[in-house]
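Visitor: So the sequence lines, in the order shown, correspond to chains A and B.
The letter at position 2 of the first sequence is residue 2 when you use my numbering, and the numbering goes up by one with no holes.
The letter at position 60 of the second sequence is residue 60 when you use my numbering, and the numbering goes up by one with no holes.
In short, the hints are calculated from the structure, not lab data.
Hints are not guaranteed to be accurate.
With a Cα cut of at most 27 Å, we get these calculated DSSO-like pairs of lysine-lysine [said to hold, decoys possible]:
hint : chain 1 : residue 1 : chain 2 : residue 2
1    : B       : K9        : A       : K94
2    : A       : K128      : B       : K213
3    : A       : K128      : B       : K20
4    : A       : K128      : B       : K9
5    : A       : K16       : B       : K20
6    : B       : K20       : B       : K213
7    : A       : K126      : A       : K94
8    : A       : K94       : A       : K16
9    : A       : K126      : B       : K249
10   : A       : K111      : B       : K213
11   : B       : K166      : A       : K126
12   : A       : K207      : A       : K166
13   : A       : K76       : B       : K9
14   : B       : K20       : A       : K94
15   : A       : K132      : B       : K20
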Amino acid sequence: MSAVISARGLTKHYGKRIAVDSIDIEIAAGRIVGLIGPNGSGKTTTLKAALGLIQCEGELSVLGLDPRTQRDELMKDVCFIADVAILPRWLRVKDAIDFVAGVHPRFDRSKAERYIANTKLTPTMKVKEMSKGMIVQLHLALVMAIDAKLLVLDEPTLGLDIIYRKAFYQNLLEDYFDEHKTIVITTHQVEEVEHILTDLLFIRDGKIALAASMEEIGERYVEVMVGSDKVAAARALQPIDERTVFGKSVMLFDALRAGGLSRTQLAALGEVRNPSVADLFVATMKGTYA
Amino acid sequence: MTTPMSTMKWLIRRELWEHKGAFFWAPLAVAAVIVLLFGGGFLYAIIANPSFHVQVSGEQVMTVNGLPPAVLAKLATAAASSYLVITAPLFFVLPVVVFFYCMATLYDDRRDRSILFWKSLPMSDAQTVLSKAVTALLVAPLATIAIGIAASLILLVIGLLGGAIKGINLIAPVLANVNFYLAPVYLISFLPLYILWALPTVGWLLLVSSWAKSRVFLWAVGAPLVALAILAWFDFLAGRFAGVSMNVKWFGEEIVARVLLGVFPGIWFGEVNGEALAQQQQAGLDGPLLLGTSYATLLTPGVWIAAAAGCAMIYGAIRLRRWRDEG
């Protein structure tokens with residue numbers, strides 16, 4: 001299967017500062033990819049380059065098109081939320097639906113109206129009368145009703161309460177996603193998306209720090225609750241991260257590191273489990289703000 | 001079905017949603033004021049005065065209860081050919097509205113970041129910018145013309161009925177006058193000329209609106225004026241010390257005036273030889289003569305060059321919009 005997003009040596013300078021530093025990305029169809037990185041790491045810049053919103057250097061192909069020169073063609077199959085709560089203030093709910101239905105051949109009006117019906121939004125309501133969360137709800141209802149091959153969501157649930165966030169991700173997985181679609185999500189609320197992701201991309205200082213599928217991550221990274229008597233032995237195996245929970249040491253091991261580690265070897269040290277993406281992220285990004 | 005034409009239709013409709021106040025309510029409010037002021041004033045005068053009086057130094061010297069047929073005919077011709085003139089204030093509102101619309105339209109959505117929403121939909125930058133140019137050059141003037149014609153007709157009806165009640169019945173002669181029907185046609189016939197003259201201003205403002213990172217007004221208005229001032233100063237110095245003179249007046253008229261004032265309807269009368277208009281004998285406005293002298297300005301290359309420059313600047317605005325996504 002050909003890649004939905006493929007980048008080679010993608011680079012973006014803002015003046016002298018390098019926002020994205022020669023990264024390679026390969027995202028296949030039918031994946032839900034979490035693009036995760038600290039503030040200012042280059043996630044949004046990478047996405048904007050892929051969406052043809054900014055100029056960049058390097059090879060870049062999205063759905064077989066170059067977003068820099070074929071953006072108009074590309075936008076028929078791509079949809080994105082680059083930032084939430086940016087709908088124009090004068091827009092009415094019904095006008096928004098009419099407009100998107102008018103310009104987008106892949107928009108399913110009834111679907112959008114169904115999503116809207118689940119909110120407190122009314123057809124004549126203007127964006128300027130809405131709370132931040134309601135604006136996001138409207139935006140998501142519009143975007144989720146578009147049958148795009150690639151959906152890019154940059155912090156899609158900012159400002160939403162947890163009930164709606166959970167419902168949104170549930171919808172995204174059950175109602176929207178299928179094997180022909182690809183979704184790229186960035187978010188700081190990693191815990192909420194990790195169960196729907198199929199792939200992880202960690203980005204740090206404009207470079208890809210980790211690119212793997214969730215299965216690979218599960219095989220590769222192991223978290224061990226080390227008994228107090230085995231701490232020294234465990235440290236000898238060079239954990240990539242160590243923290244203390246209720247007096248117990250929790251260590252994170254990379255099974256692929258030089259020498260290699262087996263699960264059984266680690267199981268001898270204490271209780272073994274899969275690390276959360278958030279813990280893995282923190283371990284990978286150690287020293288970012290130092 | 002989504003076609004480029006249907007997308008264009010929706011884009012223009014979007015502009016009207018956003019600027020309903022400027023394109024409809026503002027001219028409607030002005031029209032309402034005109035109708036109330038003139039129509040109401042006229043009705044009051046009729047009710048307050050039983051007949052037409054001519055007063056000299058407060059003393060009534062003459063009471064007119066009817067008019068001679070020749071005067072009636074002249075009055076009817078004047079009313080039939082120039083009844084639209086009363087809505088002239090609308091055409092002072094239009095350029096102001098269009099000016100500020102063009103200046104803000106490609107800037108505001110960058111400032112509030114809603115451009116990211118519009119750019120997430122399948123429409124090109126060319127379609128977006130062109131929809132705004134069409135709104136400024138065609139939709140807004142048409143709305144004003146329609147409102148102007150409607151308000152004029154209301155006033156004419158009030159005037160004719162009021163006159164008839166007072167014994168000066170002009171209804172039949174006005175309705176029989178071909179100019180009564182042609183006046184709106186003449187007015188609409190000015191639109192193509194208006195578009196040509198407005199193009200450089202609309203193009204310039206869209207370009208600045210698409211380019212500026214802040215202070216659009218300052219760039220749009222200040223830059224040409226500062227350029228003119230610098231040129232005038234330089235010309236003054238050069239003329240004084242080197243004996244060289246540049247054509248500053250030309251720069252002011254052909255560049256600055258065209259990029260800033262082109263949206264004013266009738267700006268072309270600045271180039272018209274006024275003698276023909278001053279010599280007209282007919283009562284009321286001579287529509288064909290006005291149109292003829294106005295369109296005669298197209299015989300000079302300046303209008304065409306400026307209109308072409310306007311198109312080029314609109315193209316520039318499209319190109320700039322392609323990569324200007326962040327406010």
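Visitor: Now look at each hint and say whether the structure bears it out.
Guide: Each hint tested on the structure:
Between the alpha carbons of K9(B) and K94(A) the distance comes to roughly 17 Å, so the proposed pair stays at or under 27 Å and holds. Pair hint K128(A) plus K213(B) holds up; C-alpha atoms about 24 Å apart against a cutoff of 27 Å. Straight-line distance between C-alpha atoms of K128(A) and K20(B) comes to about 16 Å, which keeps the hinted pair within the 27 Å bound. The suggested pairing of K128(A) with K9(B) holds, with an alpha-carbon distance near 25 Å, which does not exceed 27 Å.
For the hint linking K16(A) to K20(B), the alpha-carbon distance of about 44 Å lies beyond 27 Å, and the restraint is violated. Simply put, K20(B) and K213(B) have alpha-carbon atoms about 26 Å apart, close enough for the 27 Å limit, and the pair holds. At roughly 9 Å between alpha-carbon atoms, K126(A) and K94(A) fall within 27 Å of each other, so this suggested pair holds. Under the criterion of a C-alpha separation no larger than 27 Å, the hint pairing K94(A) with K16(A) is inconsistent with the structure, at around 45 Å.
Restraint check: the Cα-Cα separation between K126(A) and K249(B) comes to about 49 Å, which exceeds 27 Å; the hinted pair is violated. Taken as a hint, the K111(A) and K213(B) pair is broken in the structure, with Cα atoms around 38 Å apart against an allowance of 27 Å. For the suggested pair K166(B) and K126(A), the alpha carbons sit about 51 Å apart, so the restraint of at most 27 Å is broken. Between K207(A) and K166(A) the CA atoms are separated by roughly 30 Å; this puts the pair beyond 27 Å, and the hint is violated.
Taken as a hint, the K76(A) and K9(B) pair is honoured in the structure, with Cα atoms around 18 Å apart against an allowance of 27 Å. Between K20(B) and K94(A) the alpha-carbon distance is near 16 Å, which keeps this suggested pair within the 27 Å criterion. For a cut-off of 27 Å, the pair hint linking K132(A) to K20(B) stands: about 25 Å separates their Cα positions.
Of the numbered hints given earlier, the model fails hints 5, 8, 9, 10, 11 and 12; all others are met.
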